[in-house]
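Visitor: Given chain U's structure and the hints, the job is docking chain X onto it.
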Amino acid sequence: MQKEDKLKDELKDVSFGISAKQTIYAPKGYFDQLPDRVLDRWKTEEGKSIPRTISIRRMIATAAVISGLCVGVTWWTNQYTFRHTNNEISSEDAYQYITEHIEDFAPMILESGRLTEEIHTEIPQSTTIEEYLMEEMEGEDFESIF
Amino acid sequence: MTDKAILALMIHPDSREKGFRQLMTAYQQRLYQVIRRQVSSHEDADDVLQNTFIKIFRHLDQFEYRSELYTWMYRIASNEVINHHKRLKRSKTVELNNHDFRFADSYLNTDQLADILQYIVSTLPARQQMVFRMRYYDELTYKQMSELLQLTEGALKASFHHAVKKIEKEIKAKQIS
Chain U
1 MQKEDKLKDE
11 LKDVSFGISA
21 KQTIYAPKGY
31 FDQLPDRVLD
41 RWKTEEGKSI
51 PRTISIRRMI
61 ATAAVISGLC
71 VGVTWWTNQY
81 TFRHTNNEIS
91 SEDAYQYITE
101 HIEDFAPMIL
111 ESGRLTEEIH
121 TEIPQSTTIE
131 EYLMEEMEGE
141 DFESIF
Chain X
1 MTDKAILALM
11 IHPDSREKGF
21 RQLMTAYQQR
31 LYQVIRRQVS
41 SHEDADDVLQ
51 NTFIKIFRHL
61 DQFEYRSELY
71 TWMYRIASNE
81 VINHHKRLKR
91 SKTVELNNHD
101 FRFADSYLNT
111 DQLADILQYI
121 VSTLPARQQM
131 VFRMRYYDEL
141 TYKQMSELLQ
151 LTEGALKASF
161 HHAVKKIEKE
171 IKAKQIS
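Just so you know, the protein sequences line up as chains U and X, in that order. Residues in the first sequence are numbered consecutively from 1, following my numbering. Residues in the second sequence are numbered consecutively from 1, following my numbering.
Take these hints with a grain of salt, some might be off.
[What the hints assert, rightly or not] Below are the DMTMM-like pairs computed for lysine to aspartate or glutamate, each with C-alpha atoms no more than 20 Å apart in a straight line:
1. X:55 <-> X:139
2. X:18 <-> U:40
3. X:165 <-> X:147
4. U:43 <-> X:61
[Claimed, not checked] Below, a sample of chain X positions facing chain U; criterion: calculated Cβ distance under 10 Å:
5. 21
6. 24
7. 66
[What the hints assert, rightly or not] Listed next, with one range per pair, are the computed distances between beta-carbon atoms:
8. U:63 <-> X:40: 29 to 37 Å
9. X:152 <-> U:66: 32 to 40 Å
10. X:1 <-> U:64: 49 to 57 Å
Read the hints as simulated data drawn from the structure, not as lab findings. Note that beta-carbon positions come from the ideal geometry of N, C-alpha and C, so glycine has one too.
One chain only, chain U, in its complex shape (with noise of 0.2 Å):
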């Protein structure tokens, strides 16, 4: 404490004098007006932070740039659309891209050519056919046909 007070001594001696502690009365009458021009003060910047009452102009304004965004909303989604429902391939794409991608199909391939071989039978004979279609016609004049 003591060397504190030293300092504030040793400032005293070289600020020529000043007083800190002085009391310095405010003009009469201060204190009984500042209540009203503080609070005076405070709504107006306070008003000014509130938005006023919106202009016609302003809200013709605000349709424009809304009414903009609407069709430019509505134009990119139908352009969005019909690229992702008419995308046709030619076949050369799809030659190409089979091509390029034949590993892919390779297990389809072996099922394909599987069922291929459970499916195929000896082809009958023509004269089985002919017995066959003659049991069909029951009897009918095969010319009569055409």
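Guide: Then chain X, alone, in the frame of chain U:
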């Protein structure tokens, strides 16, 4: 009216204005003295005090009841004083730097001397400035300052020491040798 009652009035929109009036009536003179000792004119003190109250109203929801209401308001007032001197410094730097301080003592009145001291204080770093103002002008104890600024007493003493030494150096440099 107690601080608690004033705060209760200020929280409710219907009684807010009444609360603000009560708050100002209760503390305007104390805060004015704090501010007036650190600025050179009544007009400046009025400006800083109004700013202080506006800030208090605006940030009342940030008061967390961890300190006394006056302590919180004092801190806001101190910040406003520093802001005021920052603004002044910008406009006065040229004027004071070009001014020849080496006159006879009779040329300088108390207001001018106070202005010079204020100017020198305003050139200090923010923390030293605040500590110096609280200790020198408001004669707060280190314990009070510690509560206000959330700093240790040791750190505050060191800041005050550095501030005083810098001010001494500046004043000596400007005095008649």
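Visitor: Determine for every hint whether it applies to the structure shown.
Guide: Cross-check of the supplied hints:
1. In summary, the hint linking residue 55 of chain X to residue 139 of chain X is not supported, as the alpha carbons are separated by about 24 Å, beyond the 20 Å threshold.
2. Among the hinted pairs, residue 18 of chain X with residue 40 of chain U is consistent with the structure: their alpha-carbon atoms are about 13 Å apart, no more than 20 Å.
3. For the suggested pair residue 165 of chain X and residue 147 of chain X, the alpha carbons sit about 25 Å apart, so the restraint of at most 20 Å is broken.
4. Taken as a hint, the residue 43 of chain U and residue 61 of chain X pair is honoured in the structure, with Cα atoms around 17 Å apart against an allowance of 20 Å.
5. At its closest, the beta carbon of residue 21 of chain X sits 5 Å from a beta carbon of chain U; the interface hint therefore holds under the 10 Å criterion.
6. A least Cβ separation of about 4 Å between residue 24 of chain X and chain U falls short of the 10 Å threshold, and the interface hint therefore holds.
7. Residue-level restraint check for residue 66 of chain X is violated (minimum Cβ-Cβ distance to chain U is 25 Å; threshold 10 Å).
8. A beta carbon spacing of about 55 Å between residue 63 of chain U and residue 40 of chain X contradicts the range 29 to 37 Å that was offered as a hint.
9. The hinted window of 32 to 40 Å between residue 152 of chain X and residue 66 of chain U is violated, with their beta carbons roughly 57 Å apart.
10. Distance hint check for residue 1 of chain X and residue 64 of chain U: the Cβ-Cβ separation is about 54 Å, which falls inside the suggested range of 49 to 57 Å.
Violated hints for the displayed structure, listed by number in ascending order: 1, 3, 7, 8, 9.
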